[in-house]
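Following the hints, position chain B against chain A.
Line by line, the protein sequences give chains A and B.
Numbering (my numbering) for the first sequence: 1 to 410.
Numbering (my numbering) for the second sequence: 1 to 410.
Since copy identity is lost for identical chains, a pair holds within one copy or between any two.
Listed next, the in silico PhoX-like pairs over lysine-lysine satisfying Cα-Cα at most 20 angstroms (straight line):
#: 1; residue 1: LYS235; residue 2: LYS191
#: 2; residue 1: LYS129; residue 2: LYS27
#: 3; residue 1: LYS191; residue 2: LYS405
#: 4; residue 1: LYS129; residue 2: LYS142
#: 5; residue 1: LYS235; residue 2: LYS27
#: 6; residue 1: LYS191; residue 2: LYS241
#: 7; residue 1: LYS55; residue 2: LYS20
#: 8; residue 1: LYS220; residue 2: LYS209
#: 9; residue 1: LYS129; residue 2: LYS20
Hints listed in this document are in silico derivations from the structure and should not be mistaken for laboratory results.
Protein chains: 2
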Amino acid sequence: MALIVQKYGGTSVANVDRIKNVAARVKSFWQQGNKMVVVVSARSGVTNELVARAKALHAMPNEREMDMLLSVGEQETIALLSIALHAIGVPACSRTGAQAGVYTDSLHTRARISRITGGDINERLEEGKVVIVAGFQGISPKDEVTTLGRGGSDLTAIAIAAAVSADLCQIYTDVEGVFTADPRVVLDARKLQEIDYDEMLELASSGSKVMQARSVEFAKKYAVPFEVRSSLNDKPGTLVKDIASKTMEDAVVSGVAVDRTQTRVTVSDIPDNARAIACIFNALGDAGLNVDMIIKNLGTQGRANLTFSVNTDQFAFAERVIGAVVKELGSGAVRAAGEVAKLSVVGVGMVSHPGVAGTLFNALASVGVNCDLITTSEIKIAVAIDPLKADEAARAVHEAFELNKLKPLG
Amino acid sequence: MALIVQKYGGTSVANVDRIKNVAARVKSFWQQGNKMVVVVSARSGVTNELVARAKALHAMPNEREMDMLLSVGEQETIALLSIALHAIGVPACSRTGAQAGVYTDSLHTRARISRITGGDINERLEEGKVVIVAGFQGISPKDEVTTLGRGGSDLTAIAIAAAVSADLCQIYTDVEGVFTADPRVVLDARKLQEIDYDEMLELASSGSKVMQARSVEFAKKYAVPFEVRSSLNDKPGTLVKDIASKTMEDAVVSGVAVDRTQTRVTVSDIPDNARAIACIFNALGDAGLNVDMIIKNLGTQGRANLTFSVNTDQFAFAERVIGAVVKELGSGAVRAAGEVAKLSVVGVGMVSHPGVAGTLFNALASVGVNCDLITTSEIKIAVAIDPLKADEAARAVHEAFELNKLKPLG
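Looking at chain A on its own, in the form it has when it is part of the complex (with noise of 0.2 angstroms):
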């Protein structure tokens, strides 16, 4: 007897069939006597189907219609689930973002979420309704439609929970949790029971692509703990929350994470004061540009050069942005020096255990890989190397810190 609010997306209610079965584990957890709330995904092909016509119609369409225009996946969504749910027994009623009490600021198609009261949800669910609500929307100050942007629907689940003050959140997906490494490249990749908010936030920031930071950000906020399991079985996930007692002598690495995504920027020739590298470093924070593993060397005749790492496909708008500041700089020139991949093992017993970079180098060595962009955090040592040489490197590293032996956490 829990208030759970469970997460499908597109895959798992990609047609009327998938809707059936999503209805029917929606109906099972009801039928044990839990509240249930419901958020739900469009089905999938039919956002891109949506941006297709727009696009057909307008290169860069306005940003309040295409939140118009995106919406209505999630709308058809949330009445097809309620409506499956009554082909079952089950009473279940549909509620909008805005019905839902999602309110978000007014930047549309990446609206961020500013308050959220859950509407009538509690007061349906003490009718013994199963409550259906629609990701991924919520509406402006304007009372306009406004869309959160990528990874939006795990976002309304995990916020909704926490409105409704949920007893666990669950996170359908087609992976059946988080796992050590990536169980395709590292055949021995062990799934995790349980992980940290922190350690979740440094593997979605790594390249593991099971959740969006910002939805794990807003669950460690708030405290929600949230379970990532698959909708295809009924195996249990990963369950993400704040692990105050973990104890350091068991798990110093929780998991190794590769990001192929990588390209490396090389900005050279720059003034060598802290204005001009806060110039560029602004300047790329203003356009949206996340950064990584940065280094300054020293040039000639005072002079420096950066070196750091951005998503590749952001490559392009990274050089024109650092284009603009070096030329008001009066000096610099900017090019992206090969791509690379990023590779971060991740635990909160990290910073306390000295030997972890010693033991993460010697893994490297063993199968010849060099790297030359480190970066550290208090729970994460993540190195770039050669994307070719990726997927050999993460199996050492697995192998190395026995990652397939842990026993669970927790």
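For chain B alone, kept in the frame of chain A given last:
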């Protein structure tokens, strides 16, 4: 320089290319300095697809959820048309039914408009924007999405035109206007330049498929003149308005309509008193069933027989409703007495021209068509005839009233 409300149906916005055509037409009116409000339906086919998915999940889907589901069709179109207008340099913004202040009752899937404010349409028009409004949908007192049922987008257009005091409301459709008869049957049928609301109402309820009677009633009540015209060319259509000045000599009969979808119903052996007859028609009315062309005959032993026509696809329902009543009355039997076609001649001048009925029956006799059920109103005479002879009868009547030769009305 006028305020024009235009309405485009599903076939006019079926795909990206047709949406571009609509945008071009709207632009041409806007460029002439007109203030433009455009009401659109769902792309043709979309509603059927959504209904099919719902029916695949539940034989009788919940009506509130059907409204949640079906209203996405128009929401897609308003965004796409808005984007298409932006692409050709026309400032435009979309509004859902709720945003346009279309307030309805809570009768889901067949809501009735209770109040219409237009929302912020006037402010946006003042800014020079074209406002695109989702047809067919409104919002209930409980802030739930409702839909208006058949012909709902026409009704939205006329109601919005009333709310913003539009100079003209144009209903774009796949016919060129209102004709003196069905041009596919009567080859020299003529497009009417103007027609009175009442005539249009009689035509709408007499089998002419141009518009639902409901929208015409609304237009008449709020004195909204509207033009029915084709979205495939630039020809003027038919203006529907209050023709107070119509001279009786000019036009006795405006048109001939044939409704082939009627079934004759006989209720025999019921008590011959007003209460019994009232019971039957009250029950039919409560069930939302329209009956027409009623005849009462005396039977044997103080019993009466009723004959009337109903829409063929409503016969099974009518039979159940009447069956329940005759059981209560203690006697009576109901049966279908064959399909009939209803041929109507319509014209506001008719009541003061006693020769109309004679001309009609002469025409029918000239082609050997018999009729039994006859019904008259101030502006209509309708007869039930053999469906197989309906085309021939329509041609004979059209010729007898010289409808092909009439000068433009008004």
